[in-house]
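Asker: Mind docking chains S, E and A on chain X? Use the hints.
Here's the letter readout for the chains.
4 protein chains.
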Amino acid sequence: MTEIDPTTRRRVLDALREQRIETPSWAYGNSGTRFKVFAQEGVPRDPYEKVADAATVHRFTGVAPTVALHIPWDLVDDYAALAGYAKEQGIELGTINANVFQDDDYKLGSVTNPDPAVRRKAIGHLLECVDVMDATGSRDLKLWFSDGTNYPGQDSIRQRQDRLAEALRQAYERLTGRQRLLLEYKLFEPAFYLTDVPDWGTAYAHCLELGERAQVVIDTGHHAPGTNIEFIVAFLLRAGKLGAFDFNSRFYADDDLMVGSADPFQLFRIMHEIVQADALRPSQGIAFMLDQCHNIEPKVQAVIRSVLNVQEATAKALLVDVPALTAAQRAGDVLEANAVLMDAYNTDVRPLLRELREEMGLDPDPVAAYKRSGYLERVTAERVGGQQAGWGA
Amino acid sequence: MTEIDPTTRRRVLDALREQRIETPSWAYGNSGTRFKVFAQEGVPRDPYEKVADAATVHRFTGVAPTVALHIPWDLVDDYAALAGYAKEQGIELGTINANVFQDDDYKLGSVTNPDPAVRRKAIGHLLECVDVMDATGSRDLKLWFSDGTNYPGQDSIRQRQDRLAEALRQAYERLTGRQRLLLEYKLFEPAFYLTDVPDWGTAYAHCLELGERAQVVIDTGHHAPGTNIEFIVAFLLRAGKLGAFDFNSRFYADDDLMVGSADPFQLFRIMHEIVQADALRPSQGIAFMLDQCHNIEPKVQAVIRSVLNVQEATAKALLVDVPALTAAQRAGDVLEANAVLMDAYNTDVRPLLRELREEMGLDPDPVAAYKRSGYLERVTAERVGGQQAGWGA
Amino acid sequence: MTEIDPTTRRRVLDALREQRIETPSWAYGNSGTRFKVFAQEGVPRDPYEKVADAATVHRFTGVAPTVALHIPWDLVDDYAALAGYAKEQGIELGTINANVFQDDDYKLGSVTNPDPAVRRKAIGHLLECVDVMDATGSRDLKLWFSDGTNYPGQDSIRQRQDRLAEALRQAYERLTGRQRLLLEYKLFEPAFYLTDVPDWGTAYAHCLELGERAQVVIDTGHHAPGTNIEFIVAFLLRAGKLGAFDFNSRFYADDDLMVGSADPFQLFRIMHEIVQADALRPSQGIAFMLDQCHNIEPKVQAVIRSVLNVQEATAKALLVDVPALTAAQRAGDVLEANAVLMDAYNTDVRPLLRELREEMGLDPDPVAAYKRSGYLERVTAERVGGQQAGWGA
Amino acid sequence: MTEIDPTTRRRVLDALREQRIETPSWAYGNSGTRFKVFAQEGVPRDPYEKVADAATVHRFTGVAPTVALHIPWDLVDDYAALAGYAKEQGIELGTINANVFQDDDYKLGSVTNPDPAVRRKAIGHLLECVDVMDATGSRDLKLWFSDGTNYPGQDSIRQRQDRLAEALRQAYERLTGRQRLLLEYKLFEPAFYLTDVPDWGTAYAHCLELGERAQVVIDTGHHAPGTNIEFIVAFLLRAGKLGAFDFNSRFYADDDLMVGSADPFQLFRIMHEIVQADALRPSQGIAFMLDQCHNIEPKVQAVIRSVLNVQEATAKALLVDVPALTAAQRAGDVLEANAVLMDAYNTDVRPLLRELREEMGLDPDPVAAYKRSGYLERVTAERVGGQQAGWGA
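Chains as they are written, first to last, in UniProt numbering: chain X, 1 to 393; chain S, 1 to 393; chain E, 1 to 393; chain A, 1 to 393.
Hints may contain errors.
In this list, chains with the same sequence are indistinguishable; a pair is considered to hold if it fits within one copy or across any two.
Unchecked claim - Lysine-lysine pairs mimicking PhoX-like chemistry, simulated, CA-CA at most 25 Å apart:
hint: 1; residue 1: 121; residue 2: 241
hint: 2; residue 1: 107; residue 2: 121
hint: 3; residue 1: 36; residue 2: 107
hint: 4; residue 1: 121; residue 2: 36
hint: 5; residue 1: 87; residue 2: 371
hint: 6; residue 1: 36; residue 2: 371
hint: 7; residue 1: 107; residue 2: 371
hint: 8; residue 1: 121; residue 2: 371
hint: 9; residue 1: 87; residue 2: 107
hint: 10; residue 1: 241; residue 2: 36
hint: 11; residue 1: 87; residue 2: 241
hint: 12; residue 1: 371; residue 2: 241
Everything labelled a hint here was simulated from the structure, so no lab data went into it. The model shown is predicted, which means the values in this text are computed figures rather than measured ones.
Next comes chain X alone, as it looks inside the complex (with noise of 0.2 Å):
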């Protein structure tokens, strides 16, 4: 390939254009392992200062024009005012996530713990996230639980099921209008031998009987090693009960590396079965949202690679020769439709986002143009004193 003639690079770039990445809240604040979590200067130290960088991402990146919330990691009194302060930054605020994890009562589950007072708290909090969201506009709850154990025999798989669809339906009920219920799965951790949602059929069979405004997240780190995420992208696809992913890498766990750092070309299939679908523009209703840790670098300047990392995975799908890989494929010509699919990934598509950005009034390199910005010099000048953000803040 290499040469892209100029009906396809309009294509591309009216579709790259239009592709919308939401970056999360606590990307920003300081995170770690259960080893150390080492603080980096100019952090935020409210939901604020969360929403100014969420804003400089999507400055420099164009395409990143919401922020994720985590309740209660971005609490505040008064979210219309956070939700303004966001419009007067350029961005969103986008999907709420309840964090059921952290208080002490949940020890042993949230809305799957044996003790029926605590499941009502978490459900609880589920209910007050949907206030949230009706203060924010936004239109997803996304739901993660880290519910599980840690021994067998620690209480009943089945009857944590049982608390948990309860749970959901409690939540489900309260949405409104166009309101969606995300349910996100993931193999282990913190939970070590039980995971109450553990993997995308769990989650798929729970969305299913909840009703059609509840949806499976794909995070692409929570899966068992030797898991082909692109099938399961496809078939969620296929069945109409894909609602979001939660981007990041990994090697070996769940890592929460920058998107397409690890494996570039799992990132590549992924996005090439999100446009074989049709699924890319946001009228489609997928939400393709950064779930990341940046423990050892610098926050921002990591999101906006991220970004770009999928923009260029996104690029590549969208220069698949689809004609000849559906030949190929009829054909059962194994190496040509390989090859088809290789031509497209081996396609150096930076110039094109270059382009793309210039069509936009961007500068065409993100990073160097944030970094001679002075944005981070900036904060870790004013962000002193309180306390910078991270998990729990």
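Answerer: This is chains S, E and A only, laid out in the frame that chain X set:
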């Protein structure tokens, strides 16, 4: 525990007496890896001799009264005659396994092949298998598809799902009476990039769509590393969608070792879920089958050992002190709940099983009795000439 | 088997009586995941209180007479005083663990950091740990490095090995008398792309280069999925390079659950290799340590349970009928050789261990005795105010 | 990057011109899984026809001038004649692979078999392979042992190591001149519990003991999930113990797919370590071999594709801006160091490789040229009758 009170003893013995384990005809034939099939002495040369071996296993264990067939490996002209022979030998023909992976036409798939002619052929074979079921009186059609692709781009993931759904629909509609369709999943092998039914979620979703008599098969060797199999057991039991097990064990991939030989604690946890859901009794409709390869060890003896391993895990599961477990779970006493489970697991149930066999008029030590019986020596002498059965014959 | 003859019984009891299991000071403090540390009642606030907890475990089990320290978590002004206090409590101070992963300087590594100043600081800490050993009389310096990188290209793999070799050399040369350097490996976490000592091969190669008093530590939770740990045990024993174990168990990654709780059969196979190599006796120089986190279960009770689990696995390993096993192995009788091993594993050794404890003047049921003792209630009342110990304190 | 300056271009082209990739005779024969070997048209029927296929790959790629043999699969009466034929075809015979896994005697192992007579036979075969090397002028004896066990207890792990060491010693001592022994490791398959040489550490330890001309082979498909292969490359290069690669790729186990087809970024990282250590040049003594199975795709074309994949990864590795990388690494600039690496990876090197081929007098598009050549049609017509080569023939 250690001491088992008389009431428990009686309850456990009664449950074990009712237990049924189906052995697979192909376990008696030669098998191996892609590197080598090591031939063994006394291996059957036809389905009749496989039935004789299966009957031998039942004679010594008392709980393996059926044998599963694999079509076309067990192709005969007259299934009624084969069924009659089985009956003479003291057993019955069980599950029919459709094999659509060994014809040259299936190189790029069977029911999901891009070529409609190949798909028709594959579906035709599925329907013929139901004909066999009509002749043998078998209840279950077990479907495992090796279908998938080796390279990204080779075929459309989504279209293969469409083709799969269509094939399953045709097979399901051909069923009558109490006949069931059992759908098996497998992470990988022989396909090395995409497998069309790679996980329980996929099998479950298709079975849901098909209807009540479509159920999922769990092969204990078909999961990604780290998968919590007993969770899947519990989930499918709760959903009424667990149809059968293919028991075996593995350290790495689909190693097909003797069940209980790699991780006996896992087998116990699986049987614990079965017992908790009261799903052990044959009337509950779960088929407990073996699906193993005895590549280097004598086959009949290995199958006997495997049946005993399932029995031992079941006996331990039946010994779990449910009131104590439930009380500890409800109290959130992690260590006590785990201890109750481990107490049962740590109990040596072999004396109890010897007692069971004596009650059933069997030798208390089936392996020793089998070895003393001279069966292997006899069939080794008899089964000379002809072609030993294996995968493909 | 089931019936154990008197000679075997005596031999096994004598071996079990000699067994020594070291508990780690940090198992008594609070721990958790990156998501949350759930505080527990009665948790120690300083190294003295940790020693008191370790002594309690020894008082009830009789086989845990030493406690490992973690520097700087267990920093005290006067180690001789701490050692004296331990002696009063009936135990001794054991292995010294150097911690070079919790200072902000170590964000990009400690001894392998690209910055020579950071490397000097880290090496300095290792040398200080030998000072502590001189003060406590500890034999072993255990080194685990969290060092590694998160992104490809971040640093030079090879130069990091050079730096590692240099740091190890300096630490090794500082040792005197019978002091040893024990090098631990780990697949990943907290580094998510490259870990500088990721596997036993790396640790072994460095220890070979260092000399005789450098030995490898096997942490049972630090391997890739599918790793045959008992192979590593056997290999290192044959090479004279196995220095110690960090026992714990895991279903997924480095879960740090109670040893024997996830795969008791694996623990038995490990102890079988130890027994076969006659390496159980303390004089053989293998240190058997626990390294666990009790995130949701009461800590002292969990440590007692863990010690019992190691004892039970050891007892089973000691019961293996070696002449029968060897005969079956030599004869190539796969099923019989496996059966001999399983016969020992399937034996309920709890009566034997109760007998052992009675001989040793202990309560036959250490968990029950501990619970009756009121220890937890007492320390919960006493340990009020101050800062509970955890990772980092 | 994108634009490559002329000096770099020249340096890269020169390095690529020198590169040598060995193709394996067995890649041209039929292969498959335990489930099915799908026969293909035009497959060679003897070693001469395999040599012809290998020569064809070299004719179109220009960098594959040797072919590895597998004894006894490539048994001929007169190796000098086969070598002469190869020369006529424009290539040479390369590495000799000893096969001690397909005789019925090897059911329980070859050189580690409990039966000394079987061990003697296996060692005899190794020595015969050195005879073949003497005849062919091959430098390298590559040893992969399928030896291991399927069940715990089946044999003594340690004694098998003793037997292995003895066999390796005898083979090593038989070598003369510049001949080398290359020892390959593999996690599992066909052994399913214990593999006697399961990891690089084991191979490395034995090679150390043998001496300078014993080196480790890295087969890229032979690792546990999550293994960082480029770490092993870097480590063995630093230790002077990396002898060769067996290239292929995998998503799951030892899938033996075309190199670079599953994770092209990993292949690039491996080649980056090679380039950093200046180990690409043939004079450095690292043998770069393919070891693949083309179960469903046309074989010669697939081998050509694989050679190109290695070339592309190498070209990218050669483009890494080393001064920039080193500067970023030293400065601890995580994102910049990663960006320098990714910049090279993201470059489309296909134009550069077309240029290389034109300089070498080759068609710039080897796959297209091969397809146009009519080679497959010709051999399909010619190679009729006789027995197609496969594993075992």
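Asker: Out of the numbered hints, which ones does the structure contradict?
Answerer: 1, 6, 8, 9, 10, 11 and 12
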